[in-house]
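Participant: Chain by chain, the residues run as shown.
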Amino acid sequence: MERSFQKVEEILKKHQYRKENLIRILLEVQKEYRYIPEDVVNYIGVAMGIPPAKIYGVATFYSQFSLKPKGKYAIQICDGTACHMEGSVPLMKAIEEEIGIKPGEVTTDLLFSLDQVGCLGACALAPVMVINEEVYGNLTPEKVKEILKQLKERDDSDV
Amino acid sequence: MKIFVNGKEVEINENERNLLEALKNVGIEIPNLCYLSETSIYGACRMCLVELDGQITTSCTLKPYEGMRIKTSTPEIYEIRRGILELILASHNRDCTTCDRNGSCKLQRYAEEFGIRRVRFQNIEKPAVKDDSSPIIRDNSKCILCGDCIRVCEEVQGVGVIEFAGRGFNSQVATAFDTPLGKTECVFCGQCVANCPTGALTMKNDVDELYRALESEKIVVGMIAPAVRAAIQEELGMNEDLALAERLAAFLRTIGFSKVFDVSFAADLVAYEEAHEFYERLKNNERLPQFTSCCPAWVKFVEQFYPEYIDNLSTVKSPQQALGAIVKKIYSRKLGVNPDDIFLVSFMPCTAKKFESEREEHKGDVDLVLTTKELAQVIKSSGVNLKKMTPEPFDRPYGISSQGGLAFGKAGGVLGCVVSVLDEEIGVVKEEVREINKGVNLVEIELKDGTSFKALGIFGLGNAKDILENIDDKDISIIEVMACNFGCVGGGGQPYPNDSSVRKQRAKILKDTVGIKTLLTPVENYYMIKLYQEDLKDEKLKHEVLHTNYKPRRRVEETEFEILPVPDEDKIKVKVCLGTSCYSKGSYNILEKVVDYVKKEDMEGKIEVVGTFCTENCGASPNVVVNDKLISDATFEKVLKELEKNVKR
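Protein chains in written order, with numbering that gives the first Met the number 0: chain A, 0 to 158; chain B, 0 to 648.
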């Protein structure tokens, strides 16, 4: 597995190492790594001449950024009012049973991560979850387990 | 300029920075919790409200103009300020009696002045970082998010080790990734402590260690730094007192100190040694400009951020460490005791001195560093009225000093003292000082032997950073840097408040104390000369006692940055340094070529490539390590050669 480190330098170059582009740089780094690693923050700090604490400040301010690794499949489970009423809690239980993680955690093989979010704006489909950019609606615990199983199989056949 | 304040005509200075400062200078102190005259204007606390043409607005962001009509205290403003205080207090750790800032906290003062006896809002505790990994103690449960520390660290000191992290109610002042301060790039200057309005940032308190030592069998020896005697009266309710140092010496003897020495003695010694070192360098035109090395925060700053300048630092120890080594290596022999039986306590205006005494090179010389604030605590808790203590001289042989040595306590002192030695030894025919910026003085000097050079006296690490980034005048041959504004009188270990006006006052007191010293320059210091003639005759010992060395310092803890990882044990490992120095000298290009090579030659799985942040060899950057071999001044070709050697094997 090669970590796409060279990408960081490419991203920096593309944005001309300019301080005002920090947010865009971080967004692209996150896309590459699925999170913002500590060593990358230090590297960007050196390359751009910004104290790492400042980058950390920006990265912790926006909920868009994650400083913890996300899974290859980043699950966002909605616990907004509508989803909550329609049973998001049993869904989270089903996820925990299937892949063993609670909201805020990542599986050890980095395949899945789970985050609980406020509202995904798809209340008509409640309860809802989003995996990477795909929306799954009208879920039941059984459906959730089935989806996760399929993703696991898909990943196994990839290798 | 005329303005109308609360209906009355008031004459204010032209070109004031803002209304808040203008009013302060005419005797109206507008309450505020986030304004510092040394940093950019933040306008977050909303305490400094005034009424302008019926509108309520912050006076820190308001530029005065002719004829402006303002009200500074109306029932509405009073109510708003009370409300702000109550809101802050509702999420503030209010353990005032056990807080280091009890009695000197700005928030506590305002709560009292505004008669807050109860907080209407529900108390909500925040999850808060506590960090006691360094001489600076952080307790975010007492932080009010004014951001003064952040701005001082970044704008005045050019370090930027702390920043707001998180958002909304969960915002906290944090280091990158919440690393404990002791493991960051913090230089421990304590300027965040000096400017914190509450107890969120305080200095480490080691007074208990003093009492443990006084109880032990050890011989307790003290030494007092110049700037302590210009500030401690503030804590003790005393006025300016030119015999303060001698009263302190007398006091320390009453609580069990065997000897009390004067750090100014060591300052004479350091300046004398440094003047000779400088003259040598100047003659040989090497390692110029020479940087003074008395300030431990500045030394750490160079080691971390400007390792390419490490050789420019004077190798002479700071007065604290020089006297420490003298007491442990020479004085102990005179007493006929084991150095370990002496417990040496250094009284300093400084938080970074606590760090300095624990540096590997100095370990064991100074056993305990107490700040002015801690010394004041010892005096206050003893019940002794220092004013009534009869002054007693410092102990010989390390008890006398010249004007030059004592002046180390304020900015410009070291440089002045070095020049005074040059004047005695070679002769100074011209010395012209002019201020080129706030905190930066340029001195033009001509010596009798025909050489002339320029010197800079700088306070504030931010100022030093600006100079280092743009130094192009080859005539600048010596630079004094004091990390704290106005020098040691403004150190992070001094009493609160520790703002510019207080610091100027301390500098004035120190100047007066200097003025009545009989000896002018170190050359006149009989005991210093005697030390050289009798105890430091041996060059090797002299070097060991008076000189030290520095090394590049990692800015972040050692981390390896996987680029082409190889899980196998059997592999060739290439480590490319991506720290500041190496990066700026193009280490990234080497890295790129190495990765291309590995891929092209189909060596993935055999050659592992990682990045690192510092090989601590910045003088010869860029650096690459192949297996265990360090390649300095590296080029891709050099690395390739080493790699091919390893591949064959």
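Heads up, a few of these hints could be off.
Ranges of calculated distance between the beta carbons of each label pair, as one might list FRET restraints [unchecked claim]: (1) A:K12 - B:V646: 27 to 35 Å; (2) B:R117 - A:I22: 18 to 26 Å; (3) B:V646 - A:L109: 30 to 38 Å; (4) A:V134 - B:P564: 34 to 42 Å.
No wet-lab data here; the hints were simulated from the structure. No residue lacks a Cβ here, since even glycine has one placed at the ideal position from N, Cα and C.
Participant: Hints first: check each against the structure and report whether it holds.
Facilitator: The hints, checked one at a time:
no.: 1; hint: A:K12 - B:V646: 27 to 35 Å; result: holds (31 Å)
no.: 2; hint: B:R117 - A:I22: 18 to 26 Å; result: violated (43 Å)
no.: 3; hint: B:V646 - A:L109: 30 to 38 Å; result: holds (32 Å)
no.: 4; hint: A:V134 - B:P564: 34 to 42 Å; result: holds (35 Å)
Of the numbered hints listed earlier, the single one contradicted by the structure is hint 2.
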